[in-house]
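Trainee: Chain residues, written in single-letter form:
Protein chains: 2
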Amino acid sequence: MERMVYFFGAGITEGSEEMKNQLGGKGCNLAGMAKLGLPVPPGFTITTDTCIAFYTAGSKWPEGLKGQVQDNLKKLEEATGKKLGSKENPLLVSVRSGARASMPGMMDTILNLGLTNDTVKAMVKLTSNPRFAYDSYRRFIEMYADVVMGVDRQNFEHAMDELKHKKGVKLDTDLDAADMEALTGEYKAIYKKHLGEDFPEDPWTQLEGAVNAVFRSWNNQRAITYRKLNAIPDEWGTAVNVQSMVFGNTGEESGTGVAFTRNPSTGENKFYGEYLMNAQGEDVVAGIRTPHPIADLERDMPDVYTQLVGIYKKLENHYRDMQDIEFTIENRKLYMLQTRSGKRTGAAAVRIAVEMVKEGLIDEKTAVLRVAPSALDQLLHPMIDPKAKVDAVAKGLPASPGAAVGQVVFNAEDAVEWQEKGEKVILVRTETSPEDISGMHAAQGILTSRGGMTSHAAVVARGMGKCCVAGCGDVIVEEKKKVFHVNGHVVKEGDWITINGSTGELILGQVKLVSPELSGYFGELMAMADKFRALKVRTNADTPKDAAQARAFGAEGIGLTRTEHMFFAEDRIKAVREMILADNVEDRKAALAKVQPFQKADFVGIFEAMKGLPVTVRLLDPPLHEFLPQLDMDKQIEEIASELGVPKGKIVDRIQSLHELNPMLGFRGCRIGIVYPEIFDMQITAIFEAACELKKKGVEVIPEVMFPLVGTSAEMKMLKDSAVRIADAIIAKYGVELEYMMGTMIEIPRAAVIADVIAKDAEFFSFGTNDLTQMGFGYSRDDAGKFLPVYVNKKVLKADPFQTIDVEGIGKLVDMGVKLGRKTRHDLKCGVCGEHGGDPDSIEFFHGVGLNYVSCSPFRVPIARLAAAQANIKNPR
Amino acid sequence: MERMVYFFGAGITEGSEEMKNQLGGKGCNLAGMAKLGLPVPPGFTITTDTCIAFYTAGSKWPEGLKGQVQDNLKKLEEATGKKLGSKENPLLVSVRSGARASMPGMMDTILNLGLTNDTVKAMVKLTSNPRFAYDSYRRFIEMYADVVMGVDRQNFEHAMDELKHKKGVKLDTDLDAADMEALTGEYKAIYKKHLGEDFPEDPWTQLEGAVNAVFRSWNNQRAITYRKLNAIPDEWGTAVNVQSMVFGNTGEESGTGVAFTRNPSTGENKFYGEYLMNAQGEDVVAGIRTPHPIADLERDMPDVYTQLVGIYKKLENHYRDMQDIEFTIENRKLYMLQTRSGKRTGAAAVRIAVEMVKEGLIDEKTAVLRVAPSALDQLLHPMIDPKAKVDAVAKGLPASPGAAVGQVVFNAEDAVEWQEKGEKVILVRTETSPEDISGMHAAQGILTSRGGMTSHAAVVARGMGKCCVAGCGDVIVEEKKKVFHVNGHVVKEGDWITINGSTGELILGQVKLVSPELSGYFGELMAMADKFRALKVRTNADTPKDAAQARAFGAEGIGLTRTEHMFFAEDRIKAVREMILADNVEDRKAALAKVQPFQKADFVGIFEAMKGLPVTVRLLDPPLHEFLPQLDMDKQIEEIASELGVPKGKIVDRIQSLHELNPMLGFRGCRIGIVYPEIFDMQITAIFEAACELKKKGVEVIPEVMFPLVGTSAEMKMLKDSAVRIADAIIAKYGVELEYMMGTMIEIPRAAVIADVIAKDAEFFSFGTNDLTQMGFGYSRDDAGKFLPVYVNKKVLKADPFQTIDVEGIGKLVDMGVKLGRKTRHDLKCGVCGEHGGDPDSIEFFHGVGLNYVSCSPFRVPIARLAAAQANIKNPR
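Note that the protein sequences, when read in sequence, are chains A and B. When you line the first sequence up against our numbering, it's residues 1 to 877, in that order. When you line the second sequence up against our numbering, it's residues 1 to 877, in that order.
Derived from the structure by calculation, the hints contain no laboratory data. Small disclaimer: the values here were computed from a predicted structure and weren't measured. Fair warning: there could be bad hints in the mix.
The list cannot tell twin chains apart, which means a pair is met if one copy fits it or any two copies do.
To be verified - Capping the alpha-carbon separation at 30 Å, the derived lysine-lysine pairs in DSS-like fashion look like this: (1) K697 / K166; (2) K611 / K389; (3) K823 / K648; (4) K531 / K75; (5) K170 / K760; (6) K697 / K481; (7) K795 / K717; (8) K87 / K635; (9) K228 / K760; (10) K387 / K650; (11) K794 / K760; (12) K424 / K697; (13) K635 / K648; (14) K798 / K717; (15) K314 / K188; (16) K650 / K35; (17) K387 / K819; (18) K358 / K545; (19) K798 / K314; (20) K786 / K594; (21) K812 / K594; (22) K589 / K192; (23) K75 / K696; (24) K717 / K812.
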């Protein structure tokens, strides 16, 4: 017969803390504490497999379970000296769920089981506290009716309210023992009314019902939803813990508390928590009475406090991690109810990990593994002062973390103008477009009413490390009137607002922000992480400012400089438009000649900021129509026409001829460079003029030229041959030695599939996993919002493939690309520069397929460093 | 020393007809004829490798060439008894190019080489024909000056024109011997004036110059362009043939002619050709004098005719193919100048192949290989009467073959209405959209002013086997005014036009058409082909009519039934729009319930037409917005609003919410089926209701349900499970036995890459190579026109990947899909249903990767059958 029940406590613990899969988190925790010799109220755990067996048997107890439960109950009665249903010394138990993964509040719990009309009297006698006994009894009836039998709690609360009303009191605590006794009677009547049967006076029936209820709660709606959201398999099941009750509410010699072995907010190594005398756990949480700081317990009950400190130190030493503990004091006797790894802020996680290394509790690898890379995000941006009381008027998507305060402006020009006057502004738009970049730079943060987590505003803001709330649907922007409406409020240009990009909240007025503290602990942890990394971490940066920021965060080079903004900026867009409107190659070259000095200056700035480190420059990628207004932007078209001195019709014609049904699959990337070689030639000239000029001055520059959207070997060869010719001529002209590389994005499925041929000419690959995901899946990132949420919800996809790389499919293409490429060129440098380069799960995958580096936005560089270290610790190269 | 020269003729031929790579087409042909003992004027061939060596040496003769040419010249002088430069019996030669592949007219030729002031006098004496001698001389000077020295021919023609003007005559033939002699003097003066040196009187200098000129002509612009267009490698080089001249223009005992061993137009086994007495080859071609039919030669020179007949039969017996021959008679002596496989019409190719099998000349495999599959296209459609004189007013793209005559209409409704009144119409539109389908069906042909070979109009028309001229840019359509303008003409509704979809021509008025004759030869060839095929051939058909047509053409099932039109048709579009506008699943189901009976009836029709053969039905594929008008179609939106009784704003909202930036990568295909399962449920119900109803009546039905755009295994499983549940319930309800399959398109790169997982649930794969090409390359078919032509021109791509599958990349994905799929399910049925399924080159590839079938439009079924047979003959499974 399979073993379905394990005893714990009272010196005869049968399970252990290694048995999490069978005993669940709570059960193995109790077993662990008991084995450590801690004062755990004894009890037993029914295994998770039994839960699955329960379902397999058609929601019935599997054969043998009843016998095993009865045996363990007997052991429990012996250990406690109490007996279920006894009129002298009744055993009361709690029945609690406990799955392998923590699912807080998702499943059911029953307390005080064993109370009946008989046993309650025994409890009165034993505790001399009739109010406590009847209060427990009426709570048990309500809980049982609700959890086991499905009667709405409101029926009971209604009866309680009526009683309070009748007595003219407000709080439960104002009711006395007689009231409670009367309520038990009423509660039983309500029970019978709803269920047509009496409340069970047989404790065994109660126990069976409670165990069933816990089993069933594994498949209640909120548990199912929680599992879906947290990727917990349905097949795991929950264990059931039956544990003898202890009471913190039997009088002033009793109490209950929760504590952390270190400060979960700052990480400081100081016992931290709170407790309440004469209270049950739920009273501490409910917040009706104000609990005392844990330190006060030393004064109130010094012996118990000393015991507790000994226990917490033992626990931390044993688990080698900060613990979150629950305890109860019953008549001056301390019981440990729970211990588990404590949740903590990012800052605390970092400090605890670093200090535990110093204390010799853990080694550096463990410390590095202890901090979730994503937790660092909080540390790197300004935050809303945790002490500030804020009222959000609306909530959008937390599109780019951090918080920002500023005066509202409604377009990029105003943002720039106000900022130049020294104002702090928030740019508010329906959605942003590439033309808004300068305004986004100038603003403290960005708020949009439309667009998702991967909208233009979101992607660009994350790249800039700038706070952004996107898709805030309650905000209705009237850009022309310079005003927005939000849930009845009208916000005008110049009004102050605060946005929280970590939560998506919009707050009217100015809220106090606190700056990130990149304390010594952060630096120490990063230094440890860097010892274990195999992947290099580069950054995506388009400006000297971003490059410097990323370098400060530890970037080891630039993996992606987009050159688009070098075309968009105010001082050159006119020439760019002339170029697009040119009718022949001469006119195009003439217009490009005007742009070239600007681009050269841009590259000088970036190369200088990254001196000594490689800089990957991606040549022009977006379709040309992005540099012209849209067809319905009549006013802008007229402006451009008069500025360039061409007929309006010509601009309209060009816009029409450049229009595309599927721009994602259109005339962009290296296709532009093949059709109009003069555009790429200009860029190559600017790059190498800049590099050679600096080199001549003694600045170390390592340019890596990257061609976007290469899909065929001929594209790569043609573009490379031409670029090398130009580069070498410039290098010769300057008479310098300059190392450089020519490589390509691998972002088209065909490129991944024929990477061996492309590698003949490409000296490095940078996987553009954004586009590779779009084309590999056939999902337009701009449109997939129509079905992706449903896909994730229906489990067609495990996760949004634009956030975490799809290992099975797109990952296979990446793997194929790396392997094929290195077949041709065994030392081929491979990296990734899509958004996935900053996603910890994706980084683990990239480590696994043997990339040389990941590249991500500056603010994600530390996250990537940590994730890369963890990947290599888990799966060393 | 490498051998660079091969002698031919006079019984000492050194090369052979197997040496095409070295001797070029012409050289190996001459060697071949000489070896057969035919009267070939002797000469020698300088090899193609020598041409490459010439370039490698920096446009100089490679070492040893001079000696070998001199040796062979000596042999030639001995064989002919003539001597280069001899004042008694001078040898005159032609110097001609001849590459491995035929490049007609692309490279240079020099005739009459060896004429000088001395030798011309000898020729006068020998021929007693001073006019002939001096005419030959002045032609040579002109040709040499032009071809070898680069002097513009116009200079010489100008002198000739002046002389004619002076003498008051019109034709060259009106000039006498003295005139010709005078011209030679003038020509030499022109030569000296332009080149600053005398015309070379040394025949060896002439010969060296001529050989160099032929070598150089390999790299003239038109040759380079021709090679690019015909995929001939630059590295092949050309051979040079130096051959003793024979003259058909020495008098009335001489002549020249061209002939085919069978009728190249009909294939009839009858000697066919024409000749002219006292003429050179160019005179036959020039058309100034009317040549005589070859049969007349029997009367004029019976001995020569008999010899010629003997020769052509010998040639046909030897080459076992219809030959195109050139001959010259010099003073009653017959010389053979050329023989080669004769070009022929599709009809002739079929007849010749079939008859040659009967004659025992070739075996069936050879016959099947003889006919280019694409040549069948001409046979299957109505054609413009070859005898009709037509004047095209404009030319567009030959988007779908065949010709059509009809009255012009400008929209689909009119097309349907006129057709119902019994009129024949041509639908003329700027471009077509899915809403035009009914009109395209009703029309004889379609003319559009925009769009390429793969535009909507082109693709749909080819699918229907309907003639289409697309992208006829000179046509300016004013759809509202019901009029179009074309190069100064105005064509109104109801005017007659004729379009030729095989050439792209637009002709005003009615031209006589001839019907295709699917004669016995065609059927016999197809029967032979079917013996050798490994691939099955299915058809893409959406209607019973198309299905029947394809069956008549030999289709072995339907590989793709698109169900889109079952939503578009007039009688159901209203309910479809209700469905799209529905706000909840109940309303959607109610609307779908109205569509279901129509779809069921559609399936009944198709299943009946294909009884006994499998029918693959693809569930709804296009995005829902295609069923609504576009946002700017205000009038249509209003109509729909009033028809459905909903506010206009609601329709506008829905159009906006369905709008996509990249619809190709958007919410379509099985994504619709996952988000709105009720739509696919309705289709599955209609399919199986139809199938079971027929089955009950004893009609054999084999439905194969195909889910479009599957990219993940979860999509496949979810859709299949649901479909099987519905199907099995219906089958049980009808109490029939029905075999069916559930499979998927493989058209998303990710699907190809994880085909092993998808094959767990998919029972068959149908490769959708259109979309696989779009997503694999990242090319939107609608937009790629901006760069694809440049890509083909610059050799980035070998061919348009939408016409012939890209074997290297997309082909690799197909291969991967097949192999992975069969790893999971070893007998997985694999087919292709993209446009490539009807392309012979692509079919060869599909045969190679082991597909079970290809599916193509009905009119391409015979082409596919033939191509499949050829593939298996060349590379048997």
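Trainee: If any of the earlier hints don't hold here, list their numbers in rising order.
Mentor: Numbers 1, 2, 3, 4, 5, 6, 8, 10, 12, 15, 16, 17, 18, 19, 21, 22, 23, in rising order.
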